[in-house]
Structures are given as structure tokens and as C-alpha cells.
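Asks: Chain by chain, the residues run as shown.
2 protein chains.
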Amino acid sequence: MSDDDKTYHMELEAFRQNAYRTVDWVVDYLANIESYPVLSQVEPNDIRRQLPAEPPAEGEGFDAMLRDMSDIVLPGITHWQSPNFFAFFPANSSPPAILGEILSAGLGVQGMLWATSPACTEVETHVMDWLVQMLGLPERYASHTDGGGVIQHTASDATLCALLAARERVTGGQANKAGGNGKLIAYTSSQAHSSIEKACMIAGIGTENLRLIDVDENYAMRPAALDAQIRADQAQGLVPFFVCTCVGTTSSLALDPVAEIAGVAESHGLWLHVDAAMAGTAAICPEFRFINEGVESADSYTFNPHKWMFTNFDCNAFFVADRAALINALSILPEYLRNQATESGAVFDYRDWHVPLGRRFRALKLWFVIRHYGVNGLQHHIREHVALAQDFKQWVIDSDEFELAVDTPLNLVCFRHRDGDGVTEAIMQTVNRDGGMYLTHTRLGDRFTLRMSIGQTGTQRRHVAKAWEQLQAAGRAAADN
Amino acid sequence: MSDDDKTYHMELEAFRQNAYRTVDWVVDYLANIESYPVLSQVEPNDIRRQLPAEPPAEGEGFDAMLRDMSDIVLPGITHWQSPNFFAFFPANSSPPAILGEILSAGLGVQGMLWATSPACTEVETHVMDWLVQMLGLPERYASHTDGGGVIQHTASDATLCALLAARERVTGGQANKAGGNGKLIAYTSSQAHSSIEKACMIAGIGTENLRLIDVDENYAMRPAALDAQIRADQAQGLVPFFVCTCVGTTSSLALDPVAEIAGVAESHGLWLHVDAAMAGTAAICPEFRFINEGVESADSYTFNPHKWMFTNFDCNAFFVADRAALINALSILPEYLRNQATESGAVFDYRDWHVPLGRRFRALKLWFVIRHYGVNGLQHHIREHVALAQDFKQWVIDSDEFELAVDTPLNLVCFRHRDGDGVTEAIMQTVNRDGGMYLTHTRLGDRFTLRMSIGQTGTQRRHVAKAWEQLQAAGRAAADN
Numbered sequence: 000m001s002d003d004d005k006t007y008h009m010e011l012e013a014f015r016q017n018a019y020r021t022v023d024w025v026v027d028y029l030a031n032i033e034s035y036p037v038l039s040q041v042e043p044n045d046i047r048r049q050l051p052a053e054p055p056a057e058g059e060g061f062d063a064m065l066r067d068m069s070d071i072v073l074p075g076i077t078h079w080q081s082p083n084f085f086a087f088f089p090a091n092s093s094p095p096a097i098l099g100e101i102l103s104a105g106l107g108v109q110g111m112l113w114a115t116s117p118a119c120t121e122v123e124t125h126v127m128d129w130l131v132q133m134l135g136l137p138e139r140y141a142s143h144t145d146g147g148g149v150i151q152h153t154a155s156d157a158t159l160c161a162l163l164a165a166r167e168r169v170t171g172g173q174a175n176k177a178g179g180n181g182k183l184i185a186y187t188s189s190q191a192h193s194s195i196e197k198a199c200m201i202a203g204i205g206t207e208n209l210r211l212i213d214v215d216e217n218y219a220m221r222p223a224a225l226d227a228q229i230r231a232d233q234a235q236g237l238v239p240f241f242v243c244t245c246v247g248t249t250s251s252l253a254l255d256p257v258a259e260i261a262g263v264a265e266s267h268g269l270w271l272h273v274d275a276a277m278a279g280t281a282a283i284c285p286e287f288r289f290i291n292e293g294v295e296s297a298d299s300y301t302f303n304p305h306k307w308m309f310t311n312f313d314c315n316a317f318f319v320a321d322r323a324a325l326i327n328a329l330s331i332l333p334e335y336l337r338n339q340a341t342e343s344g345a346v347f348d349y350r351d352w353h354v355p356l357g358r359r360f361r362a363l364k365l366w367f368v369i370r371h372y373g374v375n376g377l378q379h380h381i382r383e384h385v386a387l388a389q390d391f392k393q394w395v396i397d398s399d400e401f402e403l404a405v406d407t408p409l410n411l412v413c414f415r416h417r418d419g420d421g422v423t424e425a426i427m428q429t430v431n432r433d434g435g436m437y438l439t440h441t442r443l444g445d446r447f448t449l450r451m452s453i454g455q456t457g458t459q460r461r462h463v464a465k466a467w468e469q470l471q472a473a474g475r476a477a478a479d480n
Numbered sequence: 000m001s002d003d004d005k006t007y008h009m010e011l012e013a014f015r016q017n018a019y020r021t022v023d024w025v026v027d028y029l030a031n032i033e034s035y036p037v038l039s040q041v042e043p044n045d046i047r048r049q050l051p052a053e054p055p056a057e058g059e060g061f062d063a064m065l066r067d068m069s070d071i072v073l074p075g076i077t078h079w080q081s082p083n084f085f086a087f088f089p090a091n092s093s094p095p096a097i098l099g100e101i102l103s104a105g106l107g108v109q110g111m112l113w114a115t116s117p118a119c120t121e122v123e124t125h126v127m128d129w130l131v132q133m134l135g136l137p138e139r140y141a142s143h144t145d146g147g148g149v150i151q152h153t154a155s156d157a158t159l160c161a162l163l164a165a166r167e168r169v170t171g172g173q174a175n176k177a178g179g180n181g182k183l184i185a186y187t188s189s190q191a192h193s194s195i196e197k198a199c200m201i202a203g204i205g206t207e208n209l210r211l212i213d214v215d216e217n218y219a220m221r222p223a224a225l226d227a228q229i230r231a232d233q234a235q236g237l238v239p240f241f242v243c244t245c246v247g248t249t250s251s252l253a254l255d256p257v258a259e260i261a262g263v264a265e266s267h268g269l270w271l272h273v274d275a276a277m278a279g280t281a282a283i284c285p286e287f288r289f290i291n292e293g294v295e296s297a298d299s300y301t302f303n304p305h306k307w308m309f310t311n312f313d314c315n316a317f318f319v320a321d322r323a324a325l326i327n328a329l330s331i332l333p334e335y336l337r338n339q340a341t342e343s344g345a346v347f348d349y350r351d352w353h354v355p356l357g358r359r360f361r362a363l364k365l366w367f368v369i370r371h372y373g374v375n376g377l378q379h380h381i382r383e384h385v386a387l388a389q390d391f392k393q394w395v396i397d398s399d400e401f402e403l404a405v406d407t408p409l410n411l412v413c414f415r416h417r418d419g420d421g422v423t424e425a426i427m428q429t430v431n432r433d434g435g436m437y438l439t440h441t442r443l444g445d446r447f448t449l450r451m452s453i454g455q456t457g458t459q460r461r462h463v464a465k466a467w468e469q470l471q472a473a474g475r476a477a478a479d480n
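Quick mapping for you: the protein sequence lines, in order, are chains A and B.
Each residue of the first sequence is one higher than the one before, counting from 0 in numbering that gives the first Met the number 0.
Each residue of the second sequence is one higher than the one before, counting from 0 in numbering that gives the first Met the number 0.
In isolation and in its complexed conformation, chain A is listed as follows (with noise of 0.2 Å):
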């Protein structure tokens, strides 16, 4: 054998082996999720310490691998996948939603052009025109009319990309050549992700530029508040450009009035953007659709199928009304990149519609996840983690040890002990080390409040009622101290 052909590479039987056996570990895996603490249990560097310190010269084999996978990395893994998983928010997967991730990394194609894998743009965008049929979103964010969707990384990134075109749509094009002139306003409640701070700093508009609007006793923004503030500034010689709701905020899922707000943006020019990030999903029952309320209006949407559309991350959805105003505010055109097809203008050249340049195959995972769903099954789903989480607001209000801090018309409940904050942060702390389940806080008008956030994929009656159970007897140990 010359040296020529010599190769280090896994050859293509021994790849199907090791992936077979790949996928029965995945299988194992989530057959006994439930066996593992939720949240990790391990120290700092409890992990690191047991990995070599040095790169090794020689390849290793991957049995090694998939044992270390099992001894190492497992004890560090915080199991997002869990049914007892209350957590944050939902970042359910799926079967589909797995299948479609190893199709693409197995294809392996970039899709920062039409060109260079035609299927992954068209998949993607026709995926997304699905996606505004399913959540009865404004038919001028579908690809057919001045607007379209397109998959981005995160809403964080989603949103960045919003203000962007936003600031490029007031300034006419001068911020991208001249810079920020520390004039743009830039409004959301005092209720919102902190990715819209991050927006603001990362685009230069300047956190003290960012407006953190008041929010009623339900959190949610008041658009008069909104109003005043807007015209406070305008009288200032400031130039309001920029509007982020919530539909359903992180901390509390609280609903802003989205169609009020519409009118104030409207009323005064700005850019509307509607982050959805989780709640979105709920729209795809015509019961929940109320969410949509006003959105026919927003200049941008989003949520995330990566939340709680059994979609694995990453796969956040944005839609535009006008997408040149997306694509004048993020479209570069070197020589290396000049192609027939784009200069035809009939294609989409993703590329132009958010930051980075290089992007995967990742709606072909959306697309699975719809397929083998269907619409009735994803509303079954959603409708059954809705009522749980119904169920659970209903077995709280009933308590006499429990209240809830405000109320909640989807899948998220905020609720606290009576007893005051210690009591409510050491139930916290005790079931999250017991490892049956794991949820986390927020703070509703300055009170500890804990979060149970239904929607993993295998979430069920018994592990709602099982974590209620264990609340309330970490609830009772905590007020006998």
C-alpha cells in the first residue's frame, strides 16, 4: 500500500456499525431518562478531570468513545429530555426531529446560497410558508407575497436581526455605512428577554437607548405607557424606530396586548417585532390563537419550533413582512460569491438574511417533525400540555400551603409558597438536589417565585402529579425548619 493511500478515515461499513450502535445508545438513553438525577449533580471540573489532559497522537477506537460518553458525560449531563424536566423552558426533541439532524449532518451541504444546495433553501422556505398556515400567522410573512421565514440560530439571533433591519429602515441605509449616532430609541417591557438588551447593545443602539416600558399586574406592557414614552422622546429630537412585544415573556409567559401596541408603533412609524419565543407554538390550536391577536401588523415574528414544537435545537422561525428591508440591512455581495442564479433575483440567498454566512440543512428536521405529526398531532400535543399545566394552576389555587403569583392562560405556572421567599427558594433547592425533578425562578413583583414550565415531549399526568407531590413535601419540610 503507497503512502497515497493510506487513510485515517472510518470507512463507510464500520461507520454504519458504529452508528447503529450510536443510535441504541440514544435509545437507551431515553428509555431510562428518567432513572438519572434531572439536574446534574456534578461539581465544577468533575468532568474535565477525567479527560486527558493532552490531545492524543494516535486515533482511538470508538468504543472508548461511547463508554466515555456513558461514564464521563452523562453524570454532566442536566436532562433537558426529562418528562420530570420543569425547567427554564421546554427544548423538546423528537424522534423525526433526530432523524432529520442525522440526514443532515450526513448530507453535510452548506446553504448560504440557493446555489450551493438548492433543496435547502426551497425546503426551508416552503417549510416555513407551512408554518404560517399552521399557526394562522398574517398571510404577508408567506414567501409568495414582499415578505417570507427563514430558520435562524435563536430568537436572540432572530431579534438582532429585527432591529437591524429596523435601524437600517429609518436611518435609509446611514447606519450600516456611518455607524450609530446614539439617537435610536429602541422600546420593550420591563417584563423582556434580556436578548433584547443584548440586541441593543450588539447593534449600538446603547442600553440607555433601549426603553423598558411599565407592565400592568399581569406584566404585560402598557401601550399607553408606551405611547408617553415614545412622544417623551420625540420631543427630546430622539428618533423612536423600534418596538418589542412579548408574546409570552420568559418569566412569567405574560401576554402583551399586541394589537394596542400595534397601533401606538403604527401611529408613530416604528418597526414592530413580536417575539414569541415559546408561546408561539400554542397557535397552532384555533383555540389558542388568541396569541396572534394583532400580529397582522408586526414588521417582524418569532418563536422558536426548538422550544416546544419537538424540534431540536437549533431551529428558531422569523418572519418578515418586507423582506428587503431584512435583506438591505444584512446583504453583502463579494465576487467569490457571484452566481447566475442569484443574479436572476429568483431565488432566495439566505445568506443575506441574518449574521453569519455558512448555515446547515436544519429545516429538513422541521419538516420531519411535521410530517410525522401532522397538525392534529402537534395540536394534541400542545392541547395536552396546556390542560396540565391548566390542572396544576387548579391544584395550586386549591392549596392552602401554595399561591399563584399571577395567572397564566398556557403552560407555564408561577407560584409560590405562602410562607414567604426562604420557604419558597428552599423548596427550590430541595427537589432540584433530589434530582426527581428540576424547576427554576424568576422574581413577580420582587417576590421568589418558582416556574413550572410544561412541555417536554414525554411529559405526562403522573410526572406533573409526582412533581406537585414532591413540592409539596419539600414544601412541608422547609416550613417545619
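Just to be clear, a hint being listed does not mean it is correct.
Distance condition first, Cα-Cα at most 30 Å in a straight line; then the derived DSS-like pairs of lysine-lysine [to be verified]: (1) B:5 to A:392; (2) A:465 to B:5; (3) A:176 to B:182; (4) A:182 to B:176; (5) A:176 to B:176; (6) A:5 to B:465; (7) A:182 to B:182.
Simulated from the structure, these hints should not be mistaken for laboratory data.
The model shown is predicted, which means the values in this text are computed figures rather than measured ones.
Given chain A, put chain B in place with the hints provided.
Replies: Leaving out everything else, chain B in the frame of chain A:
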């Protein structure tokens, strides 16, 4: 069966069988990849018109999805994993990378905080430290110093983060608060990647405040021109703050003289960022480590294992010498993300190292690639790619019909036909349309120039030799017309 038990989820045994079939599909695809035209031959809308206009109400079986992959998707794929793919840059993948991606999808964890899956953060930090050793990068990028590495989506994202860290350092954190002021000036070469310009747009610096420094006959930045421009800008009361230098430009793989540029940057107090997106991998071979000269003085450095290190997209490696500067630029800590591990200061929370909040377990695939190949195996294949490019270069030099456009020390050959741009462009159109290979172009010295980029996983001597025959044949046909 009560409605409560009803499920549309794919059962685990069905998932296992479907995953085996998906693996078989990928193995078949890779085994037959040379049988497809490298550049997809479809026309706009050819894929979409085969897809149902409406999403399915009822779920479909997996057979239909795999069939559509073969019948509808494959014709719309441009085969980046083909050994006959010589376009743009490599985006090579490998079996161990795909196995890591399967596990990442199966685990479905969010690594935004250390606490949300400690292994996701610790394996990443560890593998980044391995890269520092493997590539001979300066120790100050290793996590035991004040620096550290992180996986980003793409070099575009890494460069944006470097720019933001530099922006905040020079303004003492004021830009994040007050927004841009139009006075900050960034520098790169006239040959730099479009991502630098895009980052300046996004970050509110403005393209008018990005100076494209003149290059020498090898298309490398002239340090004296950089120094002169910085002085001229300072004399105007502007604030030079950032230099992005390229170790291997996208257009022609020109290597900027980093050591000299570092001297200029340091003398004026500028942040130096090194973009080695594709070429960086070459440093795994000691004989190519000349590309690291001067990098020890850089504030940040990035390269893409997802280009030339057999790791499927996305996997960009980004290093900083002063992680506090990066975190200061990007950190946000809302109440719902507070946790004990973060407040102890003993852990990295990677959400503060980049734009998005969420992140998947991308380190697994890189870990597997390094372990499968070992440093020796990676060196072997990188050497092989460079040797093939050097052979191709010699064929061009020895040819009466073609000529080199610029010398290159690594794996990209820029060349053209001696009969002028029309013939050169016709050659490209012919070979790409024929489908046996795919290459793209750039402009150098205002001449239409072909780029033969060699770095695909499966590319061997026979593929490069066949490509040369096809190019010569197309050249003769074009010259005869």
C-alpha cells in the same frame, strides 16, 4: 385507551429501526456520492413545486420521508461532501463527526450555562484547550490563563464578537450603554472576507469606518499602509480600535504578515483579531506552522474546524487572550438565569461568550474527530491535501494553456487560462454544468480567476487528476470556439 394516553410520538423501537434506515441512507449516499453531478442542476422552484402546498393534517409514515429525500431532495443537493467538490472552501465532515452530531441531537441539552449541562461546557473548554496544543497556538488562549476558547456558529459570528469586545474595551463599556458614536475606526485588508464588513454594519461601526488597507503583489496586507492609515485617522480625531487580519483570505488564501501587523496594532493600542477560517487547520502540521507567526500577539483568533478539520458544520473555534473583555461586552444576567454555580465564579457560562443564549452540545463531534483520527491522522490528511494542491499548482505551471494567478503555500490554487477572462469563465461554466466537478471563481488583479480548493474528506489524487483533465478539455473546447 383514554385520551390522556393517546400519543402521536414515534415509539422508541420504531425510532431505532427508522434511525438504522436513516444511517443506511446516509451510508448509501456517501458510497454513491460520485455518481451525482456535484453542482445541483435544478432550476428555481424545481424542488418546491413537488411539495404539497399545505401541511399534512394527519401524520405520515417515515417511508414517505425517506423516499422524498431520494426523489425530491437529492437532485437539489450540491454535493459538498463529494471528493470532486473544489468550490468555495471545503466544508468537510467525517463519520466520527456525524456520530457526535447524532449524540448531540439525542441528548438535546442546552449549554447556555454551566449548570444547564456541565459536561456540555467542560468538554468544550477541554477540546478548545486541546486545539491550542494541537495547533501550536499561544498558551494565553488556554483556559488556565486569562483567556479561553469557545465554539461559535461561524467565523462571521466570531469576528463580530471580537469586534464587540474591542469596541467595549476602547470605549470603557460606553458603546454598550450609549450606542455608537461614528468615531471608531476598524481596519482590514482590501482582500478580507465580507464578514468583516458585515460585522461593522451590525455593530454600528459603519462601513465608512472600516478601512480596507492596500495589499501587496501577493494580496497580503501592507503593514506600512496600515500604520499610515491609523495615523491619518488619529490626526482627524477618529479612534482606531480594531484590526482584523487574515491568515488565508477567502479569495486567494493570501497570508497577511501577522507579526508586523501586530507590531502596528500594539503601538497604537488596537485590538488584533486573526481570521484563519480555513487555513488555521494547517497549523496541526509543524511544517505549516509558519501561519501562526505573530499570532502570539493577537487578542483573538478564529478558525473553522467545520471547514478543513473533518467536523461537520457548525463548529467555529474562537479564542481570546482576555476572556473578561469578551464577557464584559456580551454578558447579561436576568433573574431567571441566576444560579449558584454562576455566582461562585468557578465556571464558564458560555452564553456570555457569543450572541445567542441557547447552544447545543457541539463539542462532542470535535472531541470524536480528534480522538478518532488522533493528531497523527489529522496531520496525514492535511498534508495530503496540501501535497495534492502543490501537485496541481505544478501542473498549471507546466501547462502552456493555463497560468498561476498567485502563488500559494497551502491548499488553494488560483489560476486562469492564458487566453483571457472569456475562456476562463467558459471553462468554469462547462465543467460545473457537466457535473463531474465543481469549482468557483474570484477576481485577482481584475482578472477572472479559478479557485481550485482542495480539502474534501474523500479527495484523493485520482480526483484531482481527473479535474485537471476536465479543465484542460474544457479549455481546449473554449479556445476552439
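Asks: Please list, smallest to largest, the hint numbers that this structure does not respect.
Replies: When the structure is compared with the hints, none of them turns out to be violated.
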